[in-house]
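Engineer: Chains as they are written, first to last, in numbering that gives the first Met the number 0: chain S, 0 to 425; chain H, 0 to 232.
Hints should not be assumed to be uniformly reliable.
Said to hold, decoys possible - If you only want the chain S side, here are some residues facing chain H, beta carbon under 8 Å, derived:
1) E19
2) A103
3) T323
4) E325
5) V332
6) L422
7) Y424
Derived from the structure by calculation, the hints contain no laboratory data. This one's a predicted model, so the numbers in the text were calculated from it and none came from an experiment. Where a beta carbon is used, it is the ideal one built from N, C-alpha and C, also for glycine.
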Amino acid sequence: MTAAALDKKSIYGFWGTLMELFRIALRAIWASKMRSFLTVLGIIIGVLAVVAVVSIMQGVFQSFLGRFEALGGDTLFIEPNYRLYKDYSEAVKRLKLTYSDAQAVAQDVPQVKEICAILNRQDAISFHGHHDTTQVWGTGDSFASMNSFTPEYGRFLAPMDVAARRKVCVLGHEVLDKLALSDDCVGQEIQIGHGTFQIVGVLQKKGGSVFGNQDDAVFIPLSTAILQYGQEAADSLLIQVQIRDPKLMDAAIERISAVLRRQHGLKFGQQDDFRTVTQDEILKQIKEFSSISTLVVGAIVGITLIVGGIGIMNIMLVSVTERTREIGIRMAVGAKRAHILYQFLIESVTLSTLGGVLGLVLGWGVAHLTVAILHHTVAESFPPAYVPVWVMFLSLGFAAFTGAVFGVYPAVKASRLDPIEALRYE
Amino acid sequence: MNGDDVLIQARNLVKDYPMGDEVYHALRGVDLTVKRGEFLAIMGPSGSGKSTLLHLLGCLDTPTSGEYLLAGTPVHTLTADALAELRNREIGFIFQMFFLLPRSSALENVELPLIYAKVPPAERHQMALEALQFLKLETHAHHKPNQLSGGQRQQIAIARALVNKPSLIMADEPTGNLDSATSDKIMAQLSELNAMGNTLILVTHEPDVAAYAPRQVRIRDGKIVSDERVKKP
Ligand SMILES: Nc1ncnc2c1ncn2[C@@H]1O[C@H](COP(=O)(O)OP(=O)(O)OP(=O)(O)O)[C@@H](O)[C@H]1O
Ligand SMILES: [Mg+2]
Numbered sequence: 000m001t002a003a004a005l006d007k008k009s010i011y012g013f014w015g016t017l018m019e020l021f022r023i024a025l026r027a028i029w030a031s032k033m034r035s036f037l038t039v040l041g042i043i044i045g046v047l048a049v050v051a052v053v054s055i056m057q058g059v060f061q062s063f064l065g066r067f068e069a070l071g072g073d074t075l076f077i078e079p080n081y082r083l084y085k086d087y088s089e090a091v092k093r094l095k096l097t098y099s100d101a102q103a104v105a106q107d108v109p110q111v112k113e114i115c116a117i118l119n120r121q122d123a124i125s126f127h128g129h130h131d132t133t134q135v136w137g138t139g140d141s142f143a144s145m146n147s148f149t150p151e152y153g154r155f156l157a158p159m160d161v162a163a164r165r166k167v168c169v170l171g172h173e174v175l176d177k178l179a180l181s182d183d184c185v186g187q188e189i190q191i192g193h194g195t196f197q198i199v200g201v202l203q204k205k206g207g208s209v210f211g212n213q214d215d216a217v218f219i220p221l222s223t224a225i226l227q228y229g230q231e232a233a234d235s236l237l238i239q240v241q242i243r244d245p246k247l248m249d250a251a252i253e254r255i256s257a258v259l260r261r262q263h264g265l266k267f268g269q270q271d272d273f274r275t276v277t278q279d280e281i282l283k284q285i286k287e288f289s290s291i292s293t294l295v296v297g298a299i300v301g302i303t304l305i306v307g308g309i310g311i312m313n314i315m316l317v318s319v320t321e322r323t324r325e326i327g328i329r330m331a332v333g334a335k336r337a338h339i340l341y342q343f344l345i346e347s348v349t350l351s352t353l354g355g356v357l358g359l360v361l362g363w364g365v366a367h368l369t370v371a372i373l374h375h376t377v378a379e380s381f382p383p384a385y386v387p388v389w390v391m392f393l394s395l396g397f398a399a400f401t402g403a404v405f406g407v408y409p410a411v412k413a414s415r416l417d418p419i420e421a422l423r424y425e
Numbered sequence: 000m001n002g003d004d005v006l007i008q009a010r011n012l013v014k015d016y017p018m019g020d021e022v023y024h025a026l027r028g029v030d031l032t033v034k035r036g037e038f039l040a041i042m043g044p045s046g047s048g049k050s051t052l053l054h055l056l057g058c059l060d061t062p063t064s065g066e067y068l069l070a071g072t073p074v075h076t077l078t079a080d081a082l083a084e085l086r087n088r089e090i091g092f093i094f095q096m097f098f099l100l101p102r103s104s105a106l107e108n109v110e111l112p113l114i115y116a117k118v119p120p121a122e123r124h125q126m127a128l129e130a131l132q133f134l135k136l137e138t139h140a141h142h143k144p145n146q147l148s149g150g151q152r153q154q155i156a157i158a159r160a161l162v163n164k165p166s167l168i169m170a171d172e173p174t175g176n177l178d179s180a181t182s183d184k185i186m187a188q189l190s191e192l193n194a195m196g197n198t199l200i201l202v203t204h205e206p207d208v209a210a211y212a213p214r215q216v217r218i219r220d221g222k223i224v225s226d227e228r229v230k231k232p
């Protein structure tokens, strides 16, 4: 061989050989397509499942995160401290958080910018023979500005509505469909529970918010709601507070606590019977829950992939046996043990990675299809699936890793064959 | 004659195969010296150890005891990987059963040794094509083995054996699966290779085939019983 050729040879070297082995692997996989497919079915299903589940879950988490992030760092909620009682219904009976608590906070906490008390009930609604149920929110005018709700038609609740306990309501957009109302329904009357309410406004479509699906909701004056739902409802309100500056959050919480303890007549050493919740805490909880559930899914997938890996090992062992003659030929013309080892290892890694890619694509499809179906059937506001980049890399990485781990034994077995015995193999 | 001319020097080669509790002695002490450019036929009855000897000389296997120097390299001391490299650089094999890769084309089969020799693709194709041209088979370069006749398959195997320009070409009953006309053609081509300077060792039990070789070694029960140089007609 000439010097130039030798030079090229050393440049070609390691990577060239690796490419060559990769080509051989692809060809072997392609030569028995159906078997290859069945071999990696375990991997495909494993990756498909994880991608579908994780991306639907992530979609939900992302939309939750989005809702709470939209609130901003200057918002906090006060709710009865339900954790004081083991039994929720007992807690509702014993604990009190009332409209006068909200007024006290508004007056005595200087950091407060805006405040609103909220009463929530699920109730029946009807209009001209159309019946359905929805979330009823008893609240006031500040609710709209604090949560950036804008009316599409008419107006939101006004201070006068609350003061005069008017039987008026503002509708979320989906309620129009539920009750077959037309766009110009403002001024008409609908039934909410046992009361008759005049529609004064319809909100713009918004989708999810902190308060769930706000399109599927009606808003009535808090005072009217208290009349309609009674004392027990009036005693366990939710109070939303917006403070003047997020930096004042700690001071505000401290002050609110003092005011409410005074309001409730708590003695020194007694536990708070209310709880303040900030956006930060909620975000932290969501993220925590999100990572825990991802971990659980990950563990399930790990098991699936082990099963898939055993499938690969099984078929690779069969494949090594079937191709004993081929291995003998390659060894006879100069393949070293490492060549044979890597040939089969690359084959199983390539196979499982291809399975992973297929699983990824199918999982993506299944996730979006599932969400689309949910959209059209159960909940129009179901958040779109979200496939994080790390899920792609993780699942492909796992698939490749599985191929590598379970491919080692068959590959080692192939590389240890004796050339003569391999050639003699019938 | 100087020492450089000696390609193969085997001393007291023994090959035992364990058979259950007993040991089968396939080779019982073979001494053989082959010079560069020789054409040697190994003959003997079935089971006499011809293939076993060829495998040892071809570095496919190592002896149980004895010494084997190939171009001065002590083969009996080498590891499996060193043997593989030696086979790749120095030896070309031709088998009775052809032993081609069924899914690869003729050209790819001929290229196979060059892949393990790390020859880049362009040169590899060129060298393989030249080898096929030597056998006048370049028109069948892209056929798969199952699209070729037995004779053509063996010619592909010959091309593969000579593509890496080895010091030694080994053929184990290369015509065993072929009719006599094809057989003659193959043997003529192998003789031509020898005439071009290639060292050739051929195993056969057909006298017609052995007749092509100027030197004939007879083996029986794992021992060389005769080693004669015949005048070429
Ligand atoms: N791996 C092995 N294990 C046990 N015995 C073996 C093995 N390989 C070969 N033998 C034995 O060694 C002896 C010589 O075998 P070899 O293949 O060298 O014979 P041969 O001369 O090539 O015969 P043939 O002309 O039939 O090809 C035979 O008796 C065979 O059974
Ligand atoms: Mg034999």
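Engineer: Are the hints correct? Go through all of them and say.
Structural biologist: Hint-by-hint comparison with the structure:
Interface hint status for E19 (chain S): upheld, as the beta-carbon distance to the closest one in chain H is roughly 5 Å, under 8 Å. This hint is violated: A103 (chain S) has a C-beta 84 Å from the nearest C-beta of chain H, more than the 8 Å allowed. Hint status for T323 (chain S): violated, given a least beta-carbon distance of 12 Å to chain H, over 8 Å. At a threshold of 8 Å, the smallest CB-CB gap from E325 (chain S) to chain H is about 6 Å, leaving the interface hint in force.
The beta carbon of V332 (chain S) comes within 4 Å of a beta carbon in chain H, closer than 8 Å, and the hint placing it at the interface holds. This hint holds: L422 (chain S) has a C-beta 7 Å from the nearest C-beta of chain H, less than the 8 Å allowed. Given hint, Y424 (chain S) at the interface with chain H, is violated; its Cβ is 11 Å from that chain's nearest Cβ, farther than 8 Å.
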